[in-house]
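K.L.:
Sequence:
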Amino acid sequence: MSKRRILIFSTAYAPFVGGAEIAVREITDRLSNEFDFVLVTARINQALSAREKIGVVEVIRVGNGTWFDKINLWWNGWKVAEENGQFDVVWGIMASYGGLAALRYKTLRLRSLRGDSVDPVQEKIPFLLTLQEGDSLSRIYSRAFFIWPWFKQIFRKADRIQAISNYLAVWAKKMGATCLVDVVPNGVALADEKIFLPVKKFNSGKKLILSVSRLVEKNGLEYLIRAMIDLPESYILEIVGEGKLRPRLEKMIKDLELSERVILRGEVPYQEVGDYYARADVFVRPSLSEGLGNVFLEAMQKNVPVIATPVGGIVDFLEEGKTGWFCQARDSRDIAKKIEYVLAEKNAEEVEQVKARAKQMISEKFTWEIVAKQMKHIFDNI
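Numbering (this note's numbering), first residue to last: 19 to 400.
For the record, the hints were derived by calculation from the structure and aren't laboratory data. Bear in mind that the values here come from a model prediction, so they are computed numbers and not experimental data. Here a beta-carbon is modelled for each residue, glycine too, at the ideal position from N, C-alpha and C. Some hints could be false.
Between beta-carbon pairs, the in silico distance windows are [as the list claims (entries may be wrong)]: (1) Gly339 to Ala68: 26 to 32 Å; (2) Gly223 to Gly339: 49 to 55 Å; (3) Glu367 to Asn63: 48 to 54 Å.
Derived DSBU-like pairs: lysine-lysine, alpha-carbon spacing no greater than 30 Å straight-line [what the hints assert, rightly or not]: (4) Lys377 to Lys236; (5) Lys175 to Lys224; (6) Lys175 to Lys124; (7) Lys124 to Lys97; (8) Lys355 to Lys391; (9) Lys373 to Lys236; (10) Lys340 to Lys377; (11) Lys272 to Lys224; (12) Lys377 to Lys394.
Using the sequences and the hints, build the whole thing.
P.N.:
Shown next, in the form of structure tokens:
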């Protein structure tokens, strides 16, 4: 029996890596015995090949290597897909250019087939939409309002939706989705699945606060940096990630005279990130919005206590005093207060219990093996 073919539309793919791209790679790797995957994406960079195999996925890049390739993906991606045979499912990654391209494939393909002699099954290829959005809904609207009628159709025309959190599932319904909406989170790799490179350890006596976060508004990093003013000199903050806010954050660090205690590590190779978790005493990201937040799950898997804000999909896995602790968004003093609580010697026993519960939760609900099985069920039943 031949394997079923799944067509994926994604705005970006490797080497551009975010939570959505990681999810596609991890899921497809585990389902390659059941399905063949073809992914159509925007080229964006001229140095990238127009076509190559990445893992088990056949990747086809649309465009000439500029930002406008995203528009090209939306408008012409369906034609590129048509040239690559028939598919059993079309899978749009996020309500963005990838989702728009999948919608256009579904609608224009049907128009092009009308009047022809076509297999009725092939004429009704189901459209699965995955929601991975991490920005606030107001931020999403500010970027999509000028195509709002098309944008809403992504939700309304989907035959099934997979959201990585209950927060995004509710959003899908608000946007007009009438299909079944499954909540299937992202996962994390178990400790023995990845080999990480060693990194330099901090001097003893220091307490290390870690945040693996892009330097963007939604991650609330300016409030985390300001919290350092209210924490002891022995507390060090490392921020792993890059983004457009770097100049502003660098100036803030200098103005607050925190240059010796706040370190912007920039983009770090994935093989090294695990060891940043391993040497951290606490993980903090005071998000202003969050679709789910893979980094929190990764920290829990690495046995690091987690402090987060009660926004978006975070509340799906973080319970105060059970699997982590909440701080208030945009409140540097409350962030500092929670950090001191977690790192206080008198609370060490409680912290160990919370870490153990969090890690157990990850192994029971948030591994890629579990996620892949849930996605297979969706592919089988859509």
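K.L.:
Now tell me if each hint is right for this structure.
P.N.:
Tested hints:
Between Gly339 and Ala68 the C-beta distance comes to about 52 Å, which lies outside the given range of 26 to 32 Å. The supplied range of 49 to 55 Å is broken by Gly223 and Gly339, whose beta-carbon atoms lie about 28 Å from each other. Distance hint check: the CB atoms of Glu367 and Asn63 are about 51 Å apart, consistent with the given range 48 to 54 Å. Between the alpha carbons of Lys377 and Lys236 the distance comes to roughly 26 Å, so the proposed pair stays at or under 30 Å and holds.
For the given pair, Lys175 sits about 54 Å from Lys224 by alpha-carbon distance, which is inconsistent with the 30 Å threshold. Proximity of Lys175 to Lys124 is assessed by CA-CA distance (about 9 Å); at most 30 Å being required, the pair is judged to hold. Taking the CA atoms of Lys124 and Lys97, the gap is near 11 Å; set against the 30 Å cutoff, the hint holds. A hinted pair counts as satisfied when its Cα atoms are at most 30 Å apart, and Lys355 with Lys391 does not qualify at roughly 40 Å.
The suggested pairing of Lys373 with Lys236 holds, with an alpha-carbon distance near 26 Å, which does not exceed 30 Å. Proximity of Lys340 to Lys377 is assessed by CA-CA distance (about 11 Å); at most 30 Å being required, the pair is judged to hold. Pair hint Lys272 plus Lys224 holds up; C-alpha atoms about 21 Å apart against a cutoff of 30 Å. Of the supplied pair hints, the one linking Lys377 and Lys394 holds, its CA atoms being roughly 25 Å apart against a limit of 30 Å.
Of the numbered hints listed earlier, those contradicted by the structure are 1, 2, 5, 8.
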